[in-house]
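Visitor: Protein chains in written order, with the numbering used here: chain A, 57 to 167; chain B, 854 to 962.
Just so you know, the hints here were simulated from the structure itself, not pulled from any lab data. Be aware that a few hints might be false.
[Said to hold, decoys possible] The list that follows gives simulated cross-link-like pairs (lysine-lysine, DSSO-like), each with its CA atoms no further than 27 angstroms apart: (1) A:K100 - A:K113; (2) B:K934 - B:K961; (3) B:K934 - A:K65; (4) A:K113 - B:K934; (5) A:K113 - A:K65; (6) A:K113 - A:K70.
[As the list claims (entries may be wrong)] A short list of chain B residues far from chain A (calculated; beta carbon distances all over 10 angstroms): (7) A869; (8) T876; (9) Y883; (10) D905; (11) G906; (12) S920; (13) S922; (14) N944; (15) K949.
Just so you know, even glycine gets a beta-carbon here, dropped at the ideal spot from N, CA and C.
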Amino acid sequence: NAGVTQTPKFRILKIGQSMTLQCTQDMNHNYMYWYRQDPGMGLKLIYYSVGAGITDKGEVPNGYNVSRSTTEDFPLRLELAAPSQTSVYFCASSSGANVLTFGAGSRLTVL
Amino acid sequence: GQSLEQPSEVTAVEGAIVQINCTYQTSGFYGLSWYQQHDGGAPTFLSYNALDGLEETGRFSSFLSRSDSYGYLLLQELQMKDSASYFCAGNTGGFKTIFGAGTRLFVKA
């Protein structure tokens with residue numbers, strides 16, 4: 057049982073480039089989340105989804121987009137990358153019982 | 854606004870008991886969770902309180918008082934491997950879950 061799988065694990069982008077962070081879960085969870093974590097800081101909610109076709113903004117959505125075409129997948133798109141988006145990104149899923157299962161994280165550097 | 858406040862760091866000795874507090878300000882609140890994160894790792898779930906009172910899971914206990922907008926995580930019989938960051942998280946309704954800034958726990962021998 058793989059749980060929550062994120063790709064890539066590491067990525068370096070140049071300013072202005074775009075990319076998509078992939079997230080897939082095999083637990084049939086309805087709820088999925090994207091967080092970013094800056095060094096020594098807490099997790100900030102970027103976007104979340106309560107089911108296929110439904111997404112909503114979190115605390116820090118600017119500069120990001122998401123889609124949820126299937127229950128399993130919740131990709132996060134960065135458009136026009138900026139140095140402020142250098143962070144570790146965590147995807148998580150939940151069955152709704154207030155227990156989030158996290159992926160291993162994707163470390164993104166924007167230079 | 855919606856926020857959860859925790860102390861930035863706590864230090865304790867091996868074998869001792871430590872309490873990590875969390876106060877929250879949020880409209881519409883559906884329970885408090887706790888997560889552990891070791892350096893370089895992902896957060897992992899520890900405990901959840903939907904109602905007031907104490908929840909116990911082995912060496913870890915969590916408490917919630919909704920009237921005081923306050924909760925805490927209690928770690929007993931501290932071990933070196935408990936050195937990590939601990940986050941409280943609140944479900945603010947509609948399954949939007951936000952996190953506190955985290956408390957870094959240092960366990961000394």
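Visitor: Run every hint past the structure and note whether it holds.
Guide: Hint check:
The straight-line distance between the Cα atoms of A:K100 and A:K113 is roughly 11 angstroms, inside the 27 angstroms bound, and the hint therefore holds. As the CA atoms of B:K934 and B:K961 are separated by approximately 10 angstroms, the hinted pair is consistent with the 27 angstroms bound. Note on B:K934 and A:K65: the hinted pairing holds, with a Cα-Cα distance of about 25 angstroms set against a maximum of 27 angstroms. A threshold of 27 angstroms between alpha carbons decides the hint, and for A:K113 with B:K934 the separation of about 36 angstroms lies outside it, so the pair is violated.
Distance restraint check for A:K113 and A:K65: the Cα-Cα separation of roughly 24 angstroms lies within the 27 angstroms cut-off, and the hinted pair is therefore satisfied. A C-alpha spacing of about 25 angstroms is found between A:K113 and A:K70, which places the hinted pair at or below 27 angstroms, so the restraint holds. Every beta carbon of chain A lies more than 10 angstroms from that of B:A869, the smallest distance being close to 24 angstroms; the non-interface claim holds. The claim that B:T876 lies off the interface holds: its Cβ sits roughly 14 angstroms from the closest Cβ of chain A, which is beyond the 10 angstroms cut-off.
Distance check for B:Y883 against chain A: the nearest CB is about 7 angstroms away, which does not clear 10 angstroms, and the non-interface claim fails. The claim that B:D905 lies off the interface holds: its Cβ sits roughly 15 angstroms from the closest Cβ of chain A, which is beyond the 10 angstroms cut-off. For B:G906, the non-interface assignment is confirmed: its Cβ lies about 16 angstroms from the closest Cβ of chain A, beyond the 10 angstroms cut-off. Against the 10 angstroms criterion, B:S920 stays outside the reach of chain A, whose nearest CB is about 20 angstroms from its own CB.
Annotated as non-interface, B:S922 keeps its C-beta farther than 10 angstroms from every C-beta of chain A; the closest such distance is 17 angstroms. The beta carbon of B:N944 sits about 5 angstroms from the closest Cβ of chain A, which is not more than 10 angstroms, so the claim that it is off the interface is violated. Non-interface call for B:K949 relative to chain A: violated, since the shortest CB-CB distance, roughly 6 angstroms, does not exceed 10 angstroms.
The earlier numbered hints that this structure contradicts are 4, 9, 14, 15.
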